[in-house]
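For the protein sequence lines, the chains are U and X, in the order given. Per numbering that gives the first Met the number 0, the very first residue in the first sequence carries number 0; after that it's consecutive. Per numbering that gives the first Met the number 0, the very first residue in the second sequence carries number 0; after that it's consecutive.
Hints may contain errors.
Cross-link-like lysine-lysine pairs, in silico, DSBU-like; alpha carbons within 30 angstroms at most [said to hold, decoys possible]: (1) X:K61 / U:K324; (2) U:K94 / X:K101; (3) U:K39 / U:K472; (4) U:K374 / X:K61; (5) U:K257 / U:K378; (6) U:K378 / U:K366; (7) X:K104 / U:K466; (8) X:K103 / U:K366; (9) U:K262 / U:K374; (10) X:K61 / U:K451; (11) X:K40 / U:K366; (12) U:K381 / U:K257; (13) X:K61 / U:K335; (14) X:K61 / U:K449; (15) X:K104 / U:K56; (16) U:K381 / X:K17.
Derived from the structure by calculation, the hints contain no laboratory data. The structure presented is a predicted model; accordingly, all values stated were derived computationally and were not measured.
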Amino acid sequence: MPSLACLSIEAAHELLQTKQISCVELVQYYLDRIKQYDEKIHAVLTLCDTQALTQAKKIDEKIAAKEEIGVLEGIPYVAKDLFLTKGIRTTAASKILEHFIPPYSATVIEKLESVGAILLAKTNTDEFAQGGSTENSAFGPTKNPWNTHYVPGGTSGGSAAAVAADFCVFALGTDTGGSIRQPAAYCGITGLKPTYGLVSRYGVVAAASSLDTIGPLTRSAQDAAVVLSAIAGQDTSDATTITLEDSDFTHTMIDKPKIGLLKAETQLMDQIESSLDDLGWSHTPITSDQYPSDEALTAYYIINPSEISSNLERYDGIRYGEQNKDATNTHDTYTKTRQEFLGAEIKRRILLGTYSLSAGYYDAYYKKAMQVRTKVIQKYEKLFESCDVIVAPVTLGPAFELGSKTDPVEMYQVDILTVAVNLAGLPSVCIPAAIDENTGLPLGIQIIGKQKDDAKVLAVAREFQNKTNWHTKVEEITL
Amino acid sequence: MSAFSGIIEYNMAKLTKKEIAQVAELARIAQTDDQLEDSVKDVSSILGFVESLQAIDTSGIKPSSQVTGLTDVWREDVVLRCELSRDELLANAPLTQDGYIKVKKVL
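Hey, can you work out the whole structure from these sequences and the hints?
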């Protein structure tokens with residue numbers, strides 16, 4: 000049997016179509032790895048092995064009958080446990096949804112099902128996708144496959160760790176303030192946050208609705224482009240969605256992109272500057288004053304909790320989810336259910352959001368933050384007048400140690416370079432671009448484009464990966 | 000040119016236990032006295048952290064509540080058949096009786 004380690008989508012497709020392996024063998028390879036190593040990593044919350052093997056057998060019958068299969072047909076993937084999956088438990092990593100079985104699937108899950116991709120597992124996340132390390136999961140943290148003393152990042156930490164640990168070909172995550180890019184950076188993989196509205200949010204547990212986006216975590220930009228092509232597009236069930244004129248993100252070419260390079264005094268940026276010089280790509284510096292960072296972070300931490308507090312009103316213990324057993328009236332059912340089953344960070348954000356939206360404070364907080372959001376958008380508009388894409392670090396350093404950040408505000412500050420992209424709704428792809436000298440952990444850059452320039456940022460990332468090998472370092476992980 | 004330190008200096012905002020208790024009631028979250036103390040500390044610290052927003056000049060700046068630029072997105076108002084049975088729809092409700100969701104005393 001050929002080696003199945005760290006397959007790209009194309010390589011896996013080729014092996015299936017030419018019958019060098021069966022789909023059942025491919026699925027079994029990942030299930031075996033999950034069974035063998037996930038005790039150490041804890042990327043998975045729910046395994047869908049029976050369904051996955053049943054689906055694999057059907058695809059094998061199709062191949063045996065000499066039918067052509069699509070590029071994602073029979074390709075195993077995992078999804079963050081925020082995506083509703085019909086008949087398969089979906090928890091959002093919260094006690095309040097510990098036994099929730101969705102009666103329908105998210106649009107993206109249905110889209111992937113319709114092209115034959117195989118769901119292997121639901122992955123760990125910070126509760127309701129709020130945090131930056133997966134330590135806020137009600138079911139225990141995920142560990143970084145590069146070094147299990149470190150966090151994998153969050154909130155799509157389970158998905159990122161699963162891709163890095165070779166538990167799947169690709170993964171789905173969500174990005175509200177960096178939740179795809181930051182774990183991708185910490186785990187040395189590729190993660191795409193698409194333009195807001197490009198991928199339907201229908202059937203994905205809502206966090207902060209004006210910021211939430213959905214995208215792939217993969218081992219290459221090419222794979223991210225393949226997945227995006229399958230999941231993007233307008234959906235009548237999500238009124239914010241759009242379809243781009245060209246919905247194939249795999250073929251855009253870019254020769255010499257004009258790059259705006261965010262100057263940050265980190266080992267990573269020194270490395271990047273020399274990488275760009277080697278590639279012969281011109282770059283002009285962007286100073287920290289020109290780039291939205293501090294003001295974006297503070298505006299984000301008003302807008303996010305406000306929208307969280309509003310979206311999470313639905314967890315009332317009445318219609319679905321867990322219910323406190325001691326309450327004797329409806330009011331107490333609400334208050335005691337939320338006290339018992341919501342985690343500390345979620346309660347903190349609900350309180351903060353309720354405060355900033357309440358009478359007397361709305362103008363000073365929420366409205367002010369939305370005005371600052373406009374200024375963030377304007378800063379980007381100005382920057383894109385003189386470059387095609389912006390290259391910036393995803394974080395100021397590599398993954399941190401598990402349990403090392405106990406103060407909420409200290410955790411929020413990790414998001415300083417990711418949240419502005421969400422406030423402006425821009426596409427941004429994270430790719431690995433260096434290894435930290437001190438820890439041996441990966442460091443990632445993000446390539447940020449104008450709204451709807453998803454194909455362009457992916458083309459730049461692909462070109463970078465064609466000419467460098469940082470994205471293949473993940474293959475050296477031994478579990 | 001300033002470099003990114005990743006650290007934003009801030010002071011704690013001054014909130015009282017009474018204020019947080021009121022917010023918790025609005026948000027329908029019961030809190031023990033210890034939990035309330037923690038909430039006062041945490042929310043004060045986060046509000047202090049975001050306080051630097053107030054120093055930003057936003058006069059004449061329109062608030063952005065969304066970024067798509069889409070307005071008035073319409074679709075046909077059609078009736079879709081629900082494929083799920085009543086039992087399937089109620090399967091996730093914690094308390095049911097005779098095919099209805101049951102709640103505890105309201106008043």
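Cross-check of the supplied hints:
A threshold of 30 angstroms between alpha carbons decides the hint, and for K61 (chain X) with K324 (chain U) the separation of about 47 angstroms lies outside it, so the pair is violated. A distance of roughly 21 angstroms separates the Cα atoms of K94 (chain U) and K101 (chain X); the hinted pair therefore holds under the 30 angstroms criterion. Taking the CA atoms of K39 (chain U) and K472 (chain U), the gap is about 20 angstroms. The hint holds against a cut of 30 angstroms. For the suggested pair K374 (chain U) and K61 (chain X), the alpha carbons sit about 9 angstroms apart, so the restraint of at most 30 angstroms is met.
The hinted pair formed by K257 (chain U) and K378 (chain U) meets the criterion: a straight-line CA distance of about 18 angstroms does not exceed 30 angstroms. Our distance criterion of 30 angstroms between C-alpha atoms is met by K378 (chain U) and K366 (chain U), whose separation comes to about 19 angstroms. With a C-alpha separation of about 67 angstroms, the suggested pairing of K104 (chain X) with K466 (chain U) is violated against the 30 angstroms cut-off. At most 30 angstroms may separate the alpha-carbon atoms for a hinted pair to count; K103 (chain X) and K366 (chain U) exceed this at roughly 38 angstroms.
About 20 angstroms separates the Cα atoms of K262 (chain U) and K374 (chain U), which keeps this hinted pair within 30 angstroms; it holds. Using a Cα cut-off of 30 angstroms, the hinted pair K61 (chain X) and K451 (chain U) holds, with the two alpha carbons roughly 23 angstroms apart. Proximity of K40 (chain X) to K366 (chain U) is assessed by CA-CA distance (about 24 angstroms); at most 30 angstroms being required, the pair is judged to hold. Using a Cα cut-off of 30 angstroms, the hinted pair K381 (chain U) and K257 (chain U) holds, with the two alpha carbons roughly 15 angstroms apart.
A hinted pair counts as satisfied when its Cα atoms are at most 30 angstroms apart, and K61 (chain X) with K335 (chain U) does not qualify at roughly 40 angstroms. Restraint check for K61 (chain X) and K449 (chain U): satisfied, since their Cα atoms lie roughly 21 angstroms apart, inside the 30 angstroms limit. Restraint check: the Cα-Cα separation between K104 (chain X) and K56 (chain U) comes to about 52 angstroms, which exceeds 30 angstroms; the hinted pair is violated. Under the criterion of a C-alpha separation no larger than 30 angstroms, the hint pairing K381 (chain U) with K17 (chain X) is inconsistent with the structure, at around 45 angstroms.
Hint compliance for this structure: hints 1, 7, 8, 13, 15, 16 are broken, all remaining hints hold.
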